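Sequences and hints are given; from them, build the entire structure.
What follows is each chain in one-letter form.
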Amino acid sequence: MDTHVLERLVAITGTSHAKTTVAQKLAYSYDATANFQAMPDIVLSPSSIEDIKEIVKVCAKHQIPIVSRGSGTNLAAGTTPTSGGVVLLFNRMNRILELDQENLTITVEPGVITQAINEKVASSGLFYPPDPSSMSISTIGGNVSENSGGLRGLKYGVTRDYVKALKVVLPTGEVITTGGKLAKDVAGYDLTSLFVGSEGTLGVIAEITLGLIPEPETKKTLLAFYNELEQAAETVSSIIAAKIVPATLEFMDKGTIQAVEDFMHIGLPADCEAMLLIEQDGDPAVVEKDMALVHQLCLEHGATSVQMAKSAEEAAQLSIARRVALSALARLRPTTILEDATVPRSEIAKMVKTIQQVAVKYDLLICTFGHAGDGNLHPTILTDERDEEEMSRVEAAFAEIFDRAIQLGGTITGEHGVGEMKSPYLEWKIGAEGMAVMKSIKQAMDPLNIMNPGKMFAKDTKKRIVVHHE
Amino acid sequence: MSSAQPEAIRQAFVTHVDENRLMDCMRCGFCLPACPTYIHSGYDETQSPRGRIALMKAVRDGVIAWDGSVEEAFDLCLGCRACEPACPAGVQYGTLIEETRDAIVSAKQLSVQEKVIRKGAFDHLFADQKRMKQAVGLVRFYQKSGLQSIVRKVGFLDLFPSMMRDMEKVLPDPPKRPKVLVHSEEKKTKVAFFTGCLMDTMFQETNRHTIDLLEFLGCEIVIPKNQQCCGALQGHSGEMDRASRNARVNLEAFDADNVDYIVNNAGGCGAFLAEYDRLFEKDKVLLEKAEVFVAKQIDISSLLMQLGIVEKLAARPASEIKELITYQDSCHLRNVNGVIHEPRRILQAINDTIFVELPGARLCCGSAGIYNLLQPEMAMTILDAKMEEVREIEATTIVTTNPGCLLQMKVGVEREGLAQTSRAVHIVDLVHEKLFK
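Those protein sequences? They're chains Z and F, same order as listed. For what it's worth, the working numbering labels the leading residue of the first sequence as 1, then goes sequentially. For what it's worth, the working numbering labels the leading residue of the second sequence as 1, then goes sequentially.
Covered by chain Z, according to a simulated footprint, are these stretches of chain F (three or more residues, beta-carbon under 8 angstroms): (1) 34-47; (2) 51-59.
Sample of chain Z residues at the chain F side, in silico, Cβ under 7 angstroms: (3) T21; (4) A23; (5) Q24; (6) L26; (7) Y28; (8) Y30; (9) I137; (10) F263; (11) A328; (12) T336.
Rather than coming from a laboratory, the hints here were simulated on the basis of the structure. As the structure is a prediction and not an experimental result, all values here were calculated from the model. Backbone N, C-alpha and C define an ideal beta-carbon position, used for all residues, glycine too.
As structure tokens, then:
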């Protein structure tokens, strides 16, 4: 980048909030995605929307890429600055601006940690349900940009369902406000929804208003263990068929259970093939009734043991155990690559079976955990990026998993986003026509392609080889 | 900045820093909220565990060339290891940062100032208990006489640049060594006491109190004469050879087979002693010896708990509440030895005090071995935030389990101008005071 331009950018934030050393640039050259790394030219920490506007204007003038970044927990290389340019940090824009108890909304800057929002609203008896596993680290700006899901998605939906209004700095440096603290609003296209999950490719989200709901009165947590994966999957289907919608319905396979136990030491059994973590919240009488039925359904479908958490602390431990699953798996092999192929929940048993077959076919170590209740699984391949031959098998395995998910009416990504990693597969899901629509939106809003370039849209789509199952 | 060639450093990283250990990190970021330097740098990834690991890997792989900014990122690491229990992937960060420092030391010429510090501190002071005692004698002389220049020439207090003024005020009056340590009869538990170089000199009274308490609870105490500094300070600073030298002496000095426990009252030492086996991975004979030694290690809080101190404290006649006490974790006691509840249980059992949890007790106080001497700015930022919390919870007694933390908290009390109303004490001294005064 030209030194003049660099100096102009530094002048906006001041030198103490501009990072330009070798070490600093390297520290922002990655996110949580294996195998992706690239150095930015500069890392800037704006303190206000005004700062962001100025930065965007300079970048537009000189066609410099901008990658917005929260805590860098992205799993699809969405926050890796693969085209260089500016990494825009929100470490100084991390204030909770307003908790509106009359409209049940909270307005925040993008750099607030998701967990901090949860804690803030809980102190007023309110509830912000989206809870991605990384919620103690990730920022709300990142969650909105990725439309993050979480463990409570089945009953409460995902981030999109709670975003009421946004302030966005457009690629021109102008600011728009979308939505409002409204229960109803059909004034034109739903631009709020357009920006949610846009992965930083259409503008910079600079302020967020979220809807809240009353905190559920009570919560119960249950664990069920199985000797066969299929039995766990069947239990999931039977719970949904019984018209129970649990707050959480999570699944872990044997490998995941062991890795988590190695970290947590909470006494998870070493000899079972699968585990379900089920939570229900709400009115005490309803929770009691639902959980009794769930308990019975688990046993009917072959659970070898069903245990109810004895205390809130124990329940919290179990929830943490599930949240650390991915990172705990990293202890097994040098490189951890996970996917979040998602299918309609009725197809979950078929998907689990496919993953098992793929692991055998390509001779790979695949551990699976995920949000069984909403069909969002996380098959995780434990591999070694230094082994080229194995990496080519990994790629083939994922292609086959994506292909199967789509065949089953599913998608290539349920909650992690497309980023750069999955961009070669996007067309598989949405087709050439879908790609054309998305590209025309991108072109209309960011004609200079400075907003997170290289993400979402790949240079080349992977050739899809349709594999026939059974 | 270093004068060494970046390529020499890269080579040193290749030989010293284990690639597989680096690959254990999947960069998920679970370490971020646990890292004091990440928090106190305003959430700068350069000052985070995963950032530092990425830097280690990038230097090793030749992705970036070594320069001052990279060096600073490693220098600013406290080595508190709070990232380790936070890491679901089980990354051995403590080993990685030690390997990194080892690589740097082996490849580059140390700056003159740092050389003086290292030479003075590691080769002489911490390597030799006799010298340590002499140095403490000098501190005492310094404190009494105010003959600053003489002491400066010796070089001990000169190691404490900007911390000096604050440190001076809080150094305890080093006691004269007691002539004979009393042994009473009818002992149940045989305990060897690792006295610790700093504990045995500047905090000798705490060591005497440790012995009192253990004897009171029925221990037979052995104090091996030839024991030395545990080697932690050397080890954490990339001077692994020097650390191993001390470890070998201690393995010889302690007859681990013939005692029930080897007890220490310094969290920093305890963690290093408990990992002596790591130092001798390639030497089968020493490894076996080290494993026995390691298995016998225990910290004073855990041992006191086992021997029933809580019951003894609770049995004291009830009296009015005298003070609000809080506890600052020793990072290594917490993060390496996993001792979290024991000190708290003991403090909660004291019936004329109220125990209040310090919200950030799990985060390092900024002392971190000799970090507060080498990185005074960050150390003071961390300490000031800590003292702000102490003020908020209105605690008047801050309890610690490690001499470095104790000194740092004393500095904190002094800096906040709280010396009239507040104090920092070692847990052993507080328990001793409650039981025997």
